[in-house]
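K.L.:
Given these sequences and hints, build the entire structure.
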Amino acid sequence: MAKSDLLPLKIKVPELKLGSMSHSQPYQANADVQTALDLPSELIDNWKVVALETLGVELKQSRALRVYLDSCIKCGACTDKCHYFLGTGDPNNMPVARQDLLRKVYRRYFTVAGKLVPKLVGAEDLTEDVIDDWYRYFHQCSQCRRCASSCPIGIDTAEISMVGRRILDKIGLGQKYSNQIISKALTKGNNLGLPGPALADTLEGLEEDIVEETGINVKLPLDQANADILLVTPSADFFAEPHVDGLIGYAKVFHEAGLSWTISSFASEAANFGLFTGNKQRLEEMAERIVQAANELKVRRIVFGECGHAWRVACNYLPPLLEKVSTLDRRYPVPQHIVEVTHQLIEAKQITLDASKNDHRRITFHDSCNVARASQLGDVPNGQLTIPREVLQASCNYFFDMAPNTTGQNTFCCGGGGGLLTDELSELRTAGAKPRMSAFQALHKKHGITHMAAMCAICKSQFAQVFPHYGFALDQVISVHQIVGDALVMTKS
Amino acid sequence: MLDQLNISTDEEGYLLNLEDWTIDIANAMAKADDCELTPNHWEVIDFLRGYYEQYEIAPAIRILTKQIGKKLGQEKGNSKYLYELFPHGPAKQACKYAGLPKPTGCV
Amino acid sequence: MIAALVLLALALCLAGIVWRVIQFACTPQLRHMPLTPAPFSRRGQLHRVVSELFLFKTLFRSSTWTWVFAWLFHVGLLWLLLFHINLFAQIDWAWFAFIASEAKFASLVTMVGLIGLLARRIVVPRVRFVSAPSDYLWLVFLLCLVSSGFLMRWTNHNDLESVRHYFLSVVNQLQSEFPSGWLLIVHLLLAAILFIVFPFSKLLHAPGFFFSPSIMTRDKKRTRIKSAKAEGRNSG
Ligand code: SF4
Ligand code: SF4
Chain A
92 MAKSDLLPLK IKVPELKLGS MSHSQPYQAN ADVQTALDLP SELIDNWKVV ALETLGVELK
152 QSRALRVYLD SCIKCGACTD KCHYFLGTGD PNNMPVARQD LLRKVYRRYF TVAGKLVPKL
212 VGAEDLTEDV IDDWYRYFHQ CSQCRRCASS CPIGIDTAEI SMVGRRILDK IGLGQKYSNQ
272 IISKALTKGN NLGLPGPALA DTLEGLEEDI VEETGINVKL PLDQANADIL LVTPSADFFA
332 EPHVDGLIGY AKVFHEAGLS WTISSFASEA ANFGLFTGNK QRLEEMAERI VQAANELKVR
392 RIVFGECGHA WRVACNYLPP LLEKVSTLDR RYPVPQHIVE VTHQLIEAKQ ITLDASKNDH
452 RRITFHDSCN VARASQLGDV PNGQLTIPRE VLQASCNYFF DMAPNTTGQN TFCCGGGGGL
512 LTDELSELRT AGAKPRMSAF QALHKKHGIT HMAAMCAICK SQFAQVFPHY GFALDQVISV
572 HQIVGDALVM TKS
Chain B
42 MLDQLNISTD EEGYLLNLED WTIDIANAMA KADDCELTPN HWEVIDFLRG YYEQYEIAPA
102 IRILTKQIGK KLGQEKGNSK YLYELFPHGP AKQACKYAGL PKPTGCV
Chain C
43 MIAALVLLAL ALCLAGIVWR VIQFACTPQL RHMPLTPAPF SRRGQLHRVV SELFLFKTLF
103 RSSTWTWVFA WLFHVGLLWL LLFHINLFAQ IDWAWFAFIA SEAKFASLVT MVGLIGLLAR
163 RIVVPRVRFV SAPSDYLWLV FLLCLVSSGF LMRWTNHNDL ESVRHYFLSV VNQLQSEFPS
223 GWLLIVHLLL AAILFIVFPF SKLLHAPGFF FSPSIMTRDK KRTRIKSAKA EGRNSG
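Residue numbers (this note's numbering), protein chains in the order written: chain A, 92 to 584; chain B, 42 to 148; chain C, 43 to 278.
Keep in mind the hints are simulated off the structure, nothing from the lab.
Simulated crosslink set (DSS-like; lysine-lysine; CA at most 27 Å straight-line): (1) C:K99 / C:K263; (2) A:K165 / C:K99; (3) A:K206 / C:K244; (4) A:K267 / B:K143; (5) A:K389 / A:K415; (6) B:K121 / A:K448; (7) A:K448 / B:K117; (8) C:K244 / A:K210; (9) A:K151 / A:K139; (10) B:K121 / A:K536; (11) A:K151 / A:K206; (12) A:K440 / A:K310; (13) C:K244 / A:K165; (14) A:K440 / C:K263; (15) C:K263 / A:K371; (16) A:K151 / A:K195.
Using C-beta positions, here's what the derived DEER-type ranges look like: (17) B:L59 / A:L277: 21 to 27 Å; (18) C:F140 / A:K151: 46 to 52 Å; (19) A:K537 / B:E125: 30 to 36 Å.
Just so it is clear, CB atoms sit at the ideal spot from N, CA and C, and this is done for glycine as well.
P.N.:
Here it is as structure tokens:
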């Protein structure tokens, strides 16, 4: 891993400002969205019973939840680790306080001490006020696990906020942004709701652009049966900037390496918002679409594009489901990540990079939380931290790392993850980006950094939106594979 | 002005029914955002509506910029220019004025 | 009487711990969810668990002051545990007897840890915000328990021989005489309370550590098996 030459960043811990973010909450999902997912669309009459039942069921099914709710010693080590707390000062955004919103109810109804002496052990009745707090503060957690990696017992607030959102969903308080996306992904195959013909048109347009730019006929194939590789990438890669330049980068790499590949219009989405809302059923349905596409297209490998939580799902949920795909070539890891593919091609000298093509850029790398703390790359424990950096360093001459306490395992979330990338949460997102931005500003000051490379669709969109608030331009965030694509020496016509 | 038009929108001001859209509505929406619609804005809005009719989705930014470049000149065919026209983001703000639903996803 | 109470409480305590362990062990963890970067090898995993368990490595990284006091407290506690075991079991390995003998010093270390933790809980507003009354109470309670023991040793309140004798006679259901001393009574009563409440409290976080998926899950490699089918297809 590239070493940062910076000292640890001095992170300013704010004063407690109780309730300073209590006004922040996402829009509630309306009846259309909720019914599409078989969920009630407004607070149901027997919400209390259902909420406690749901919690009870989750407790029986998840050792993690039980252990995390039981084992916190209130040591406070996590209290200054959450970017939303650091950005807002609202004490309910301290990870342990966020957990306590659920824990106090768990204690009251599920533990001896909470039943006998609730006041003493901080147990509380489940009231509508509590539910309101859940809706607010479980939607101020991007499920980035920074708190978990600072907790001596490994208590993971992400798990707790997932369960919290699951309960809210069940009693009729769904989040519009995430649930709308889930229902689109389940009907149209992707989060945008991009239908097949539009996707085909978009990809054709990109092919034209590449020819115009390089003179080379790079293809972006759609639904091509018997291709070697199925590329599953976040749909933002088709739609948004700077994402789309990353997609062009993947295509160039595949082309230059002579690999046959395809995108599926049926499973044209890597992202899986079922993870964020703790909705296992929907999560699996979306994952199944990838399995089905792989089977129908008879591909040998599955490669994921640049998306953080999609890669978490791919590493943790997908492998058992993919047992059902008989055509897969098991000599390759199943599934694989595009950065791994590129890394291997570079090592095997199957592609050549001319780093000087990026000499107009001075680049740093933002570790996405779900890649750094919830997934793997390559087959060494630190691969997810080293491999992207090695790829970047092969592609550019000026690479610098941000302060060590803000990168790698300690990385700060971009502020928009976990289903929070929606406009009504802009204030939260801007505040939550502050720690990452401070690290970027410090590096910028020292080394004149021009670009922050990221390998996650959410990170890219989030930074494009918040950069202007911190004195940078929105196009200073860039896809890892745009940098690769720009450096790639194209030899094949 | 917007309220007088008596239209139903979602929390964020996007039309609930595509068919409700009129030029007046677009103008009123822009006015509410302190924005005056120029012919260049209309170029974008018209293209969005046409594309939506054909594909049931707003076009990718790349497609939009290319189109605008063709229509208004190469120097305007980039997202920077689109952001000048629609400071809240071309995809979201322009879709709103065009009466299209808000693009969802990680965008 | 008191000895019986303490012993009964101790039995309840052990039962409670076993119950808690069974409850954790019987709850399934359906999902593989390592907190990465996590070791792939058994060896790496062992290293991780040992350095967490004995050195509180993560706590050291994330909150050094808490680490100082927490570590002192737990080391003191372990030391006191050895002392108490030795008191009754009379293990006659020289080194064991040696560590187990210095109860005064062990109590001091424990008390420094406790006072530090209590101070942090009161002084740091963030920690104060997340503390329930029981969180303070436990620290104060443990301070009382440890300092009563400390005072006994400090003042040579009663001799250890008689305490041992008393307990062993109770265990063996022999006629026994309670060694006099109010400090001893206080100490034993507090111990009994601790034993009874322990399994229901946050003090029982050690099993949580051993069942925490974030700490206990190794990362596993994605499949890369040579399957005959894939081979056949590649050559064909
Ligand atoms: S670091 Fe872990 S044990 Fe300590 S307060 Fe936070 S969640 Fe609780
Ligand atoms: S998971 Fe991330 S966002 Fe959520 S509480 Fe922990 S540090 Fe904060």
